[in-house]
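Trainee: Chain residues, written in single-letter form:
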Amino acid sequence: MPVRLSDFPRIRYGMPGNAACPGCPEAMGLRYVKMALGDNAVLVMPAGCSSVIQGYEPKSGINFPIMNIVFASAASLASGMKAAFESQGKDVNVVVWAGDGGTGDIGFQALSGAAERNDDIIYICVDNEAYMNTGIQRSSLTPAGAWTTTTWTGKKEYKKNLPMIMIAHDVPYVATASVGYPQDFIDKLRNASLIRGFKYIHLLAPCPVGWKFDPRYTAKIGQLAVQTGLWPLFEYMNGKLKISPFSRLYRRPERKVPIMEYIKLQGRFANLAKDPEKIKILEKEIERQWEWIEILEKATNNKK
Amino acid sequence: MVMKTLTGNFAVAEAVRLARAKVIAAYPITPQTTIVERLSEMTEKGELEAKMVRVESEHSALAATLGAAAAGSRAFTATASHGLLYMHEVLWWTASSRLPVVMAVAARAIGAPWNIHVDHNDIMDQRDTGWIIGVAQENQEVLDMTIQAFRISEDPYIYLPVMIALDGFILTHTVAPVEVPDQKEIDEWLPPRRQPYIVSPETNIVMGNLTSDDDYYMMRYSIQVAQEVAKKIIEEVDLSYGKTFGRNYGGLVECYKCDDADYVMLLMGSWAGDAKEALNILRERGINVGLARIRFIRPWPSEILKEKLKNKKGIIVFDRSISFGNVGQLFIETASTLYGMTNMRGVIAGLGGVDVKPEDFVGEVVAFVDDVEKGEVYDTIRWLLPPKYRDHKLGVTL
Numbered sequence: 001m002p003v004r005l006s007d008f009p010r011i012r013y014g015m016p017g018n019a020a021c022p023g024c025p026e027a028m029g030l031r032y033v034k035m036a037l038g039d040n041a042v043l044v045m046p047a048g049c050s051s052v053i054q055g056y057e058p059k060s061g062i063n064f065p066i067m068n069i070v071f072a073s074a075a076s077l078a079s080g081m082k083a084a085f086e087s088q089g090k091d092v093n094v095v096v097w098a099g100d101g102g103t104g105d106i107g108f109q110a111l112s113g114a115a116e117r118n119d120d121i122i123y124i125c126v127d128n129e130a131y132m133n134t135g136i137q138r139s140s141l142t143p144a145g146a147w148t149t150t151t152w153t154g155k156k157e158y159k160k161n162l163p164m165i166m167i168a169h170d171v172p173y174v175a176t177a178s179v180g181y182p183q184d185f186i187d188k189l190r191n192a193s194l195i196r197g198f199k200y201i202h203l204l205a206p207c208p209v210g211w212k213f214d215p216r217y218t219a220k221i222g223q224l225a226v227q228t229g230l231w232p233l234f235e236y237m238n239g240k241l242k243i244s245p246f247s248r249l250y251r252r253p254e255r256k257v258p259i260m261e262y263i264k265l266q267g268r269f270a271n272l273a274k275d276p277e278k279i280k281i282l283e284k285e286i287e288r289q290w291e292w293i294e295i296l297e298k299a300t301n302n303k304k
Numbered sequence: 001m002v003m004k005t006l007t008g009n010f011a012v013a014e015a016v017r018l019a020r021a022k023v024i025a026a027y028p029i030t031p032q033t034t035i036v037e038r039l040s041e042m043t044e045k046g047e048l049e050a051k052m053v054r055v056e057s058e059h060s061a062l063a064a065t066l067g068a069a070a071a072g073s074r075a076f077t078a079t080a081s082h083g084l085l086y087m088h089e090v091l092w093w094t095a096s097s098r099l100p101v102v103m104a105v106a107a108r109a110i111g112a113p114w115n116i117h118v119d120h121n122d123i124m125d126q127r128d129t130g131w132i133i134g135v136a137q138e139n140q141e142v143l144d145m146t147i148q149a150f151r152i153s154e155d156p157y158i159y160l161p162v163m164i165a166l167d168g169f170i171l172t173h174t175v176a177p178v179e180v181p182d183q184k185e186i187d188e189w190l191p192p193r194r195q196p197y198i199v200s201p202e203t204n205i206v207m208g209n210l211t212s213d214d215d216y217y218m219m220r221y222s223i224q225v226a227q228e229v230a231k232k233i234i235e236e237v238d239l240s241y242g243k244t245f246g247r248n249y250g251g252l253v254e255c256y257k258c259d260d261a262d263y264v265m266l267l268m269g270s271w272a273g274d275a276k277e278a279l280n281i282l283r284e285r286g287i288n289v290g291l292a293r294i295r296f297i298r299p300w301p302s303e304i305l306k307e308k309l310k311n312k313k314g315i316i317v318f319d320r321s322i323s324f325g326n327v328g329q330l331f332i333e334t335a336s337t338l339y340g341m342t343n344m345r346g347v348i349a350g351l352g353g354v355d356v357k358p359e360d361f362v363g364e365v366v367a368f369v370d371d372v373e374k375g376e377v378y379d380t381i382r383w384l385l386p387p388k389y390r391d392h393k394l395g396v397t398l
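Chains C and S, in that order, give the protein sequences. Going by the working numbering, the letters in the first sequence line up with residues 1 to 304, in that order. Going by the working numbering, the letters in the second sequence line up with residues 1 to 398, in that order.
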């Protein structure tokens with residue numbers, strides 16, 4: 001279902017004066033979540049930058065009902081909320097908004113549990129590729145080669161492929177998105193909200209502070225991640241994996257934007273930018289990503 | 001009303017059914033497991049109309065319970081020992097969120113090494129979290145206390161979670177006759193769910209975001225106020241329950257033959273039964289002993305203890321737990337109330353399920369009384385060692 005910008009509600013969901021940094025992808029993403037789901041949603045947030053963006057009680061920088069919770073159990077809290085709404089006969093979208101740490105690391109057990117139980121929630125991993133709220137430490141979702149305050153010479157390990165891990169949980173919906181493509185993200189949120197069971201959306205969220213780029217480029221870097229092939233957009237639904245339109249354009253290797261266009265804008269890859277040998281680590285990452293996706297695309301679309 | 005033979009764990013399940021909990025989330029752990037099993041059976045067979053969230057850990061169990069409570073439903077969980085410790089972080093979050101929740105805890109030793117038997121260190125470790133913590137003596141009280149816990153937790157003056165502890169195996173797995181009230185009676189006695197707020201699209205509120213230090217301080221103060229008020233409300237609930245169902249337990253403390261006693265044993269949990277037997281033996285021997293059984297360690301019944309115990313010749317506290325580097329926790333609590341008012345001694349006994357018999361209580365009380373009469377209460381902590389280690393030399397000489 002194509003989404004047009006003119007269809008979006010005009011209500012302000014991110015309030016002026018909230019505590020987000022300039023160019024914050026989380027503030028952008030949160031707006032899109034509410035634009036897509038409307039008022040019938042409750043947000044569950046573990047610790048992270050979004051805990052700060054809300055600001056001080058008794059006010060909130062985000063025009064949403066939100067239940068904040070400790071790091072390790074956001075998915076479980078959402079499961080409990082959903083169970084309560086169900087028992088009250090209410091159809092409410094319970095949405096987890098968690099960072100890469102709250103999703104792939106400290107919150108992973110709860111995520112895996114809720115996915116396996118196929119609890120009827122939408123789980124959004126807003127992935128800024130490091131522990132930004134504590135000051136840019138590496139996470140399992142930090143890409144190889146990236147500088148963080150705990151990987152001064154660049155991370156040695158590859159990014160954990162969380163979307164694939166979620167597909168392996170056999171949940172009804174898994175998708176990737178980028179704040180660079182709001183229409184695509186909103187489209188996916190709306191698709192997810194129509195499905196019963198566990199829905200996982202992995203939103204790439206380029207962080208100007210942690211990735212060291214000019215705050216005006218958040219959306220652009222979000223787009224470049226897709227155009228270089230480093231962050232392929234896809235949607236896994238009804239047991240089939242489909243590559244999303246914005247990634248389909250850059251599918252063939254010769255169509256892909258050179259990775260250098262992506263890294264040269266980001267201070268965290270300064271080490272790589274200086275050394276063409278080191279760039280190979282990200283080229284390999286792109287290959288790895290596409291290899292998985294193409295295997296799954298083929299396997300899921302050929303089955304009867 | 002119907003009489004059933006129930007284990008402590010099944011008594012918990014019956015109480016949860018009668019309270020009409022709507023969401024249950026729990027993770028199995030010995031000796032709590034049969035609570036989850038029985039509640040799963042009840043929900044699947046339609047005896048209890050509730051959603052069961054079969055979580056993957058205790059941390060998630062309490063988080064899911066809290067989520068259900070936040071969304072406006074009566075929610076319940078149960079755990080023990082390491083499960084309770086694993087929940088610790090969420091215990092704080094739950095109490096500080098001021099959401100009514102009830103949890104049963106099958107009190108059990110903490111590792112290492114592994115030990116599945118009764119011990120109070122798991123519950124004692126949670127005293128600071130803001131939860132109201134009750135400890136039952138026998139299976140009937142387990143059922144009654146669990147039902148009462150919902151009313152206490154959901155009282156608008158309180159709005160704090162309530163934990164009910166029952167001794168591992170001694171209560172959880174031992175069958176005893178239990179009077180189970182009728183659903184109709186409970187429906188009349190237990191008001192519908194009340195809570196301070198609901199997080200939902202209609203309410204559009206944010207819960208748990210940052211706050212100024214000043215507001216944070218005042219929120220902490222308000223929990224203390226609720227705990228203080230709870231002292232009175234727990235007594236009232238106990239009286240009201242007694243009026244309807246014919247069973248009173250004495251509110252925060254069960255004072256058994258305290259009034260005319262010279263000396264008082266102070267303890268909590270299932271071994272109060274053995275202590276009462278010891279008390280009768282001691283009285284036959286002319287030692288005038290009473291028993292103060294702590295039913296709630298939070299809120300701590302300081303006023304009642306002061307009133308009832310300050311003029312006694314001596315108080316002997318039996319702890320089934322220890323705060324390493326100091327003394328037993330019940331002793332610490334009691335001393336915080338009575339220190340300087342009377343002679344006191346703490347006995348560390350029964351750790352990890354070591355059996356403590358009535359004659360053990362008798363021996364400790366006799367020794368204590370001797371020392372008090374001689375004016376020689378020097379050791380405030382004594383170890384009642386397991387029988388095979390009774391000759392073990394205590395302490396080290398450097």
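You may find that some hints are simply not true.
[What the hints assert, rightly or not] Keeping only pairs whose Cα atoms sit at most 20 Å apart, straight-line, the calculated SDA-like set for lysine to any residue is:
| no. | chain 1 | residue 1 | chain 2 | residue 2 |
| --- | --- | --- | --- | --- |
| 1 | C | Lys90 | S | Met52 |
| 2 | C | Lys59 | S | Met207 |
| 3 | C | Lys59 | S | Tyr216 |
| 4 | C | Lys59 | S | Asp213 |
It should be emphasised that the hints constitute simulated quantities derived from the structure, not laboratory data. These figures come from a predicted structure and were not determined experimentally.
Trainee: All the hints need checking, so say for each whether the structure fits it.
Mentor: Status of the hints after comparison with the structure:
1. At most 20 Å may separate the alpha-carbon atoms for a hinted pair to count; C/Lys90 and S/Met52 meet this at roughly 17 Å.
2. Taking the CA atoms of C/Lys59 and S/Met207, the gap is about 10 Å. The hint holds against a cut of 20 Å.
3. Distance hint between C/Lys59 and S/Tyr216 is fulfilled; the C-alpha atoms sit about 14 Å from each other, no more than 20 Å.
4. Only pairs whose Cα atoms come within 20 Å are accepted, and C/Lys59 paired with S/Asp213 is accepted, the gap being roughly 15 Å.
No hint from the list above goes unmet by this structure.
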